[in-house]
Amino acid sequence: MAPSHAEPSVAGPSYLDAERGLWSWLTTRDHKRIGVMFLAVLLLMFLLGGVFALALRVELLTPGETVMGRLAYNRAFTVHGVVMVWLFLIPSIPTAFGNFLLPLMIGARDVAFPRLNLASFYLYMLGAVMTLWGVFQGGVDTGWTFYTPYSTVTGREVMPVLLGVFVVGFSTILTGINFITTVHTMRAPGVTWMKVPLFVWALYGTSIIQVLATPVLGMVLMLVALERVAGAGLFDPSRGGDPLLYQHLFWFYSHPAVYIMVLPGMGVISETVCAFSRKRPFSYRVIVWSTVGISFVGFLTWGHHMFVSGQSTFGAGAFSVLSMLVAIFTAMKIFTWLGTMYRGSLWVSTPFTYVLGFIFLLFFGGMSGVAVAVTSADLHWHDTYFVVAHFHFIMVGASLMAFLAALHYWFPKMFGRMYPEGMGIGTAVLIIFGFIATFLPQFLLGNLGMPRRYADYPEAFQPLHVASTAGASLLGFGFLIVAVYLGWSLRHGRAAGRNPWGSEGYEWLSDSPPPEFNFHAPPRFPRPPHDYANPGANTEVEHAA
Amino acid sequence: MRHEASPRPVEPRALHFGDEASRQDAAHLGMWIFLATEVLLFSVLFTAYALYRLTYPGVFQQAPAHMDVFLGTLNTFVLVSSSILVALAVDAIRNGRDFAAAALLALSVLLGIAFLFIKAAEYTKHVHDGALPGAWYAYEAFALPGANLYFTLYWVMTGVHAVHVLVGVGVLVTLALRTLAGEFGARFHTPVELGGMYWHLVDVVWLFLWPLLYLT
Chain H
1 MAPSHAEPSV AGPSYLDAER GLWSWLTTRD HKRIGVMFLA VLLLMFLLGG
51 VFALALRVEL LTPGETVMGR LAYNRAFTVH GVVMVWLFLI PSIPTAFGNF
101 LLPLMIGARD VAFPRLNLAS FYLYMLGAVM TLWGVFQGGV DTGWTFYTPY
151 STVTGREVMP VLLGVFVVGF STILTGINFI TTVHTMRAPG VTWMKVPLFV
201 WALYGTSIIQ VLATPVLGMV LMLVALERVA GAGLFDPSRG GDPLLYQHLF
251 WFYSHPAVYI MVLPGMGVIS ETVCAFSRKR PFSYRVIVWS TVGISFVGFL
301 TWGHHMFVSG QSTFGAGAFS VLSMLVAIFT AMKIFTWLGT MYRGSLWVST
351 PFTYVLGFIF LLFFGGMSGV AVAVTSADLH WHDTYFVVAH FHFIMVGASL
401 MAFLAALHYW FPKMFGRMYP EGMGIGTAVL IIFGFIATFL PQFLLGNLGM
451 PRRYADYPEA FQPLHVASTA GASLLGFGFL IVAVYLGWSL RHGRAAGRNP
501 WGSEGYEWLS DSPPPEFNFH APPRFPRPPH DYANPGANTE VEHAA
Chain C
1 MRHEASPRPV EPRALHFGDE ASRQDAAHLG MWIFLATEVL LFSVLFTAYA
51 LYRLTYPGVF QQAPAHMDVF LGTLNTFVLV SSSILVALAV DAIRNGRDFA
101 AAALLALSVL LGIAFLFIKA AEYTKHVHDG ALPGAWYAYE AFALPGANLY
151 FTLYWVMTGV HAVHVLVGVG VLVTLALRTL AGEFGARFHT PVELGGMYWH
201 LVDVVWLFLW PLLYLT
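Top to bottom, those sequences are chains H and C.
Note that UniProt numbering has the first sequence beginning at 1, numbered continuously upward.
Note that UniProt numbering has the second sequence beginning at 1, numbered continuously upward.
One or more of the hints may lead you astray.
Said to hold, decoys possible - One-sided and incomplete, this derived list gives chain C residues near chain H with beta-carbon spacing under 7 Å:
#1 S22
#2 I33
#3 L41
#4 V44
#5 P133
#6 G134
#7 A135
#8 A141
#9 P145
#10 T152
Simulated from the structure, these hints should not be mistaken for lab results.
Note that beta-carbon positions come from the ideal geometry of N, C-alpha and C, so glycine has one too.
With the rest of the complex left out, here is chain H (with noise of 0.2 Å):
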């Protein structure tokens, strides 16, 4: 189906014309600039963290020293560990598209606390701030997992590095409950749970780990920073205590936390795969219950991060099966996007090729996953390349190919421009081959016995790696396209109009960009989203009081 072009604006500023000034953004209380300051933010994560990813694939070009040494390497990758799992993938979607679009998507005026919505946008920056000046003072070599008792010992910058993840914490927790509680109380009238739109019911699934979960991880930051300070020995054997402890509490955050980064991306692919099948999803019921299902599941998890750490047999075998029950949700999610598209009209749009490549790759890295699964097979994997693929495919194949959908599915909706479709989709395929040539080889090579966070190794493994930094080249030059392309989009791109993709999601209901208060009346959702039955049966209701 044609897009419907640019209906003629009736009223009102939009959000980004409402007040002017640098001073009305640092201020601002409305969702839509918080969500648009968050992805300014995270963008710029994301090109730090990216430069750092190049300079390791530089090194590994070659074995012995390349570029920089083993200090300097093993610097390198917790700065691109931290600032991509810290301060990028865990708020990426979340802050950014979930700020923006969650009010919208149930015919709310805001969230449910504006100012504490602010608030978290600070704490992101005052925690993003003391890391990376931890991270610059010196360098950290910890990996972004600050294992015990070796974090304990290391120089001083990590105690700034722990403390400003622990504050980036306490923002995740103030969005998590915030989210929460928008989507229980501030429902439109006609916006029942089961109209809730899916990216909305993985927001709100999203949140509950967060709430629950990053606690856990702040008073375990806390523990490590008192072990330094006091030399508090809770996870020192010499003073009686015990490292395992720390690695149960680490994982019990940080294993969810890989559903933080994948489900909020599992709900945006559901709701383009529907805008672009121009079909109601195969069974709405089975993507809300899969994405409840992961959000629990996924507590009962960690535990495959100690298989070879001194657990109990009994409990390596438990958490293996347990690992493996996040398999069966993420198949039902595959099976109804499938389902979806079987026999819908197609349109292979932008955000359509990143809906493809983040299928293929959640496939492959989530069946890689089952694989690692298996404790004996883990034991021979165990801290290889084997698993530095696997987390990439999950946490950069899918989280990383859900982002760029969503940027490319909401853009118009954000900024009221179009970006030039066929750049949009020869980039996309040119991402998705560079993300396949960058770490399919890893798999092989740690099938190979290569391990992780090595800065050296034998020549036998060099063109694995020549190819993987190949592909790392090819992924840099695409994300270098997309900041281009988008960039000149957000001044000369053409109106997009109110729905450009003719799409039947709730918040393309509201202007693009969206007037201040979201709608110019209240609107009514008599049909369910993703409807395309009977498209055009939402309103916006005109002066309802």
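With chain H held as given, fit chain C onto it using these hints.
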């Protein structure tokens, strides 16, 4: 009706709630979720306590003999009493007795401060004994392997709790002053209720710390 329900002007962003009742619902739900995060924050410490109690059962049973059970128990009474006063304050403000509410809040603030002073007296004793956390542990009367872990946990658990008491006292002072200023009354008292909920949580956490650390 809406404007009558709230003594303060309603900002346009909040209008979407429609009425004061649903704004209250949202505030309460938000607070309950926040309290859940607080429980999880402390749960890490309780987990660590359980683990080390299993590892060093003897140490953890003998340790309370080295604690000041009297001061700990006194503190329990102080905190529970202040919690009752806060509950009465919430009841008072709901019924429009503003001054009584402010007075009750002020009394509970005094008890909160008393709690902190008693805690400080206890800490001074521990410092004097050399019962400090981690590497600084030098308590000769109780020098079993694992004793330092008990005292580390003691300091962390009661320390984190004391920080919460301090924050709670700040919250209660603000609430008392704002009640005196006439900001809250029978029609609008959500902040008092939320502050009260927070104070009760602080109390409940102590009710778990007290038996774990002082009795056995």
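Hint check:
{"no.": "1", "hint": "S22", "in the structure": "6 Å, holds"}
{"no.": "2", "hint": "I33", "in the structure": "5 Å, holds"}
{"no.": "3", "hint": "L41", "in the structure": "4 Å, holds"}
{"no.": "4", "hint": "V44", "in the structure": "4 Å, holds"}
{"no.": "5", "hint": "P133", "in the structure": "5 Å, holds"}
{"no.": "6", "hint": "G134", "in the structure": "4 Å, holds"}
{"no.": "7", "hint": "A135", "in the structure": "3 Å, holds"}
{"no.": "8", "hint": "A141", "in the structure": "18 Å, violated"}
{"no.": "9", "hint": "P145", "in the structure": "6 Å, holds"}
{"no.": "10", "hint": "T152", "in the structure": "5 Å, holds"}
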